[in-house]
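Protein chains: 2
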Amino acid sequence: MYTCRVFSFMKWWFYMKSDISGFPEFLPHEQIAFQNMTSIIRYYFELYGFIPMDTAAVERVHTLLAKGNDSEIYGLYRLADIDAVKKNLGLRFDLTVPFARYVSSNYGQMTFPHKRYQIAPVWRGERAQHGRYRQFYQCDIDVIADGELSQRYDAEVVLLFAEILLHIGVKNFHTKINNRKILSGFLKSIIHADQITDALRIIDKIDKITPEEFTSALRTLSITDAQISNITNFLQSEEDDNEQIINRLKKMEVNEEFSLGVDELYSLIMLLRSFGLNEKHFKISMRLARGLNYYTGVVFETVLNDAPEIGSIAGGGRYDNLTETICNKKFPGVGGTIGISRLVPMLIEKNILNTDKHSTADVLVTVQDPNCMDSYINIANVLRQNKIKTEIYLQNKSLSSQLNYANKKGMCYAIIANEDELLRDCIIVRNLKDKTQVTGNISHLISHIMKTISEHDFLDL
Amino acid sequence: MYTCRVFSFMKWWFYMKSDISGFPEFLPHEQIAFQNMTSIIRYYFELYGFIPMDTAAVERVHTLLAKGNDSEIYGLYRLADIDAVKKNLGLRFDLTVPFARYVSSNYGQMTFPHKRYQIAPVWRGERAQHGRYRQFYQCDIDVIADGELSQRYDAEVVLLFAEILLHIGVKNFHTKINNRKILSGFLKSIIHADQITDALRIIDKIDKITPEEFTSALRTLSITDAQISNITNFLQSEEDDNEQIINRLKKMEVNEEFSLGVDELYSLIMLLRSFGLNEKHFKISMRLARGLNYYTGVVFETVLNDAPEIGSIAGGGRYDNLTETICNKKFPGVGGTIGISRLVPMLIEKNILNTDKHSTADVLVTVQDPNCMDSYINIANVLRQNKIKTEIYLQNKSLSSQLNYANKKGMCYAIIANEDELLRDCIIVRNLKDKTQVTGNISHLISHIMKTISEHDFLDL
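The listed protein sequences derive, respectively, from chains F and H. For the first sequence, the residue numbers in my numbering are 1 to 461. For the second sequence, the residue numbers in my numbering are 1 to 461.
To be clear, the hints were calculated from the coordinates, so they are not data collected in a lab. Just so you know, not all the hints are guaranteed correct.
If several chains are the same, the list does not tell them apart, and a pair holds so long as it fits within one copy or across any two.
Said to hold, decoys possible - The calculated lysine-lysine pairs, modelled on DSSO-like cross-linking and capped at a C-alpha distance of 27 Å, are:
1) Lys408 x Lys330
2) Lys433 x Lys251
3) Lys171 x Lys208
4) Lys357 x Lys387
5) Lys330 x Lys208
6) Lys330 x Lys86
7) Lys435 x Lys250
8) Lys357 x Lys205
9) Lys387 x Lys451
10) Lys86 x Lys67
11) Lys171 x Lys251
12) Lys87 x Lys171
13) Lys208 x Lys329
14) Lys433 x Lys67
15) Lys397 x Lys86
16) Lys87 x Lys283
17) Lys330 x Lys435
18) Lys451 x Lys350
19) Lys350 x Lys86
20) Lys171 x Lys387
21) Lys329 x Lys86
22) Lys250 x Lys280
23) Lys250 x Lys387
24) Lys433 x Lys205
A quick note: this is a predicted structure, and the numbers were derived from the prediction, not measured.
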């Protein structure tokens, strides 16, 4: 079972055609599916009042290095200047650093709380292997405030990602939630404050390494075996439900930070229930740390119940001090990202995303008598005015080639008419799915097509 | 008048906030307008059956150099590798070269004619001045065939761009059209074949330089004054209408290439009329050459009648041999691009694009009694299920702060209710535009909001 999953996982990775390794590209029908997916995500983001943002792909190197690593950041130079390359400009490696930089430049002209989304590629100069892309898309949302930011937004972010997954048809997932204050409060009661950042980084890997590796990694921080056993005990995976875990945490007397974290976690749980999220979709886990060091409160990560091997497909958390390093001013925020470049090939593989359509058009107007071009154009125009995506076949080819084209492209209807028929105000409408056809009056049949197609919604996958 | 135009033009250029010169970014309300614009363009592209394409931003340097210039192409290196930079990967400088490369990799899995669009940024390492951006968006469409490609697609591309401009509210424009075969046929009858590419490049600049500069530029190619006078005469700007120009061209006996070009131009005119494009929106101009050397037939460029100083806002043409240099196989094509990064700031400046909205949400559900959060969430959910973009205000702020937020964001309605009102199934709906408000039953008022807002369409600017 496990090997089968791994094999299937490898297939997803290599699913996409790519000319340069690590820079994946979709075939046309996959790109249509990918775009349907981003349209739905965009729709949901906007439905909750998040507004679009589009920062430049290029940042100053010193901004990037404030949070990134020079071995994975791409710098830019003009080819003609290869003999005197300067570390000046580079490509963004995530959407959070540019967001913080943008806020620092523009906050005087923004209204807070500011809810933004950005769906855009990022670049990381890693070796392309084991599912690491060098260009991939992130779908980020963030809410930031100038002053306090209510914890209710933490719940909204978690909820919104769940809503999107449910809409897409990914039913079998859960979001692990935790609070950084609980982890760091607990660790402070056991180890030295200096060791905490490194310890959190090791805890973040707990489910990817063996217990022995976990222990020896903590030992390298000069943490004693007694302390390690204490930590391991606290982090053990558990079968208890959210209520039982919260009750146990509430009873522990560790320190103020720990208790504050427990209160925040409890509020989040209560809010997620208010927001109507089914309890099976969120699960408290003390083992969730998240790798980035800027998180200060809630952290979350969404995994697929039947494909845990692909890792998290979404994640995020609360960061109260992130912008400070970039703009000397605190804008507390909460945000998250959906890893769409990883998710979409998997959804295509599992037939959750439909890739039957090789065209955006639903209707092909065939051309039998080029002299009647005006009539064919009129028919297409009426359909288009009624929002039916319609292509006119403009090549000089036989009717059967034209119908073959419409079939290959996965269209729904072909409209067929020769000069005689057009003179009698008559067309043939062929249903390309069930291979039936009807002949009749133009405006009557156009209405029929319009009615059938407009019943489909772009939100239906 | 002219200085005033130039001033206004400079304002557009510097309209956008930018952290690094040449990498413009919009403020939130401008970004909403920009995105409305790209949504409309995308909608029209798909309405005509063009399918989305998204190539990687990164190409191999040798692919880029096949058509580009090393002084404007950005190469990539990993910051850590600065001491050993290799000319390996670079950023695309247009969307046509990546398209040709994509087709060469994937044509076995594509259906022809292939109609694609791509809306994406490109990068050019120029000095940022006089309206040259280093990152800007292109909105490209192309149709390519495996074999012959009907000239009717040339007309479709020209028409589609005009349709989009008309929809956006840009009424006062015209598309200059010409055919490369006419120009090159004519030049072959006068000068040596070797001189033609350079001569076309000079002709492309004819409206940007003085007649004296034009003459001396041609002299550098060793073209005699008699030949220059002949060329200048042929290219003189004219008041004649399309019919008169075609008739004059038809009467000229130059050579076979010239006549073929005239026939193609005439077919294009006839097709544009069939397609229903008003004659005032297209105008034959012998002075239009287009800079790129890969055009082989129709060329076109769209300019605004009352802002010619910003240059062309769209342009393109027919290229029968382009892909050959990249993939050793001919895929004749026709395509064009809309320069949206140049167009949008201008449309904002002229109030053609509406920037009143600082949020995507139309409705704000205010929160007066946090204990009633479930009710507020229910109200928002009903609106969202009916596709009304709705934000719940989740900060702990006074009602007047919340209404102030909704006003600043340009929302249409605020929903107000305290615990008593909610217990009586009652809400207040405040119309933020006309400052009226009504109190009434929840479901009754929600239906009212839904009716008012769904009458607006995303296609209404």
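The hints, checked one at a time:
no.: 1; hint: Lys408 x Lys330; verdict: between (55 Å within a copy, 22 Å between copies)
no.: 2; hint: Lys433 x Lys251; verdict: neither (62 Å within a copy, 52 Å between copies)
no.: 3; hint: Lys171 x Lys208; verdict: within (24 Å within a copy, 60 Å between copies)
no.: 4; hint: Lys357 x Lys387; verdict: both (18 Å within a copy, 25 Å between copies)
no.: 5; hint: Lys330 x Lys208; verdict: neither (34 Å within a copy, 50 Å between copies)
no.: 6; hint: Lys330 x Lys86; verdict: neither (31 Å within a copy, 40 Å between copies)
no.: 7; hint: Lys435 x Lys250; verdict: neither (65 Å within a copy, 48 Å between copies)
no.: 8; hint: Lys357 x Lys205; verdict: neither (40 Å within a copy, 44 Å between copies)
no.: 9; hint: Lys387 x Lys451; verdict: both (11 Å within a copy, 20 Å between copies)
no.: 10; hint: Lys86 x Lys67; verdict: both (20 Å within a copy, 26 Å between copies)
no.: 11; hint: Lys171 x Lys251; verdict: neither (34 Å within a copy, 71 Å between copies)
no.: 12; hint: Lys87 x Lys171; verdict: neither (46 Å within a copy, 46 Å between copies)
no.: 13; hint: Lys208 x Lys329; verdict: neither (36 Å within a copy, 48 Å between copies)
no.: 14; hint: Lys433 x Lys67; verdict: neither (53 Å within a copy, 43 Å between copies)
no.: 15; hint: Lys397 x Lys86; verdict: neither (56 Å within a copy, 48 Å between copies)
no.: 16; hint: Lys87 x Lys283; verdict: neither (44 Å within a copy, 49 Å between copies)
no.: 17; hint: Lys330 x Lys435; verdict: neither (63 Å within a copy, 35 Å between copies)
no.: 18; hint: Lys451 x Lys350; verdict: neither (31 Å within a copy, 39 Å between copies)
no.: 19; hint: Lys350 x Lys86; verdict: neither (46 Å within a copy, 40 Å between copies)
no.: 20; hint: Lys171 x Lys387; verdict: between (32 Å within a copy, 22 Å between copies)
no.: 21; hint: Lys329 x Lys86; verdict: neither (29 Å within a copy, 39 Å between copies)
no.: 22; hint: Lys250 x Lys280; verdict: within (22 Å within a copy, 76 Å between copies)
no.: 23; hint: Lys250 x Lys387; verdict: neither (57 Å within a copy, 40 Å between copies)
no.: 24; hint: Lys433 x Lys205; verdict: neither (49 Å within a copy, 52 Å between copies)
Checked against the numbered hints given earlier, the structure breaks hints 2, 5, 6, 7, 8, 11, 12, 13, 14, 15, 16, 17, 18, 19, 21, 23 and 24 and satisfies all the rest.
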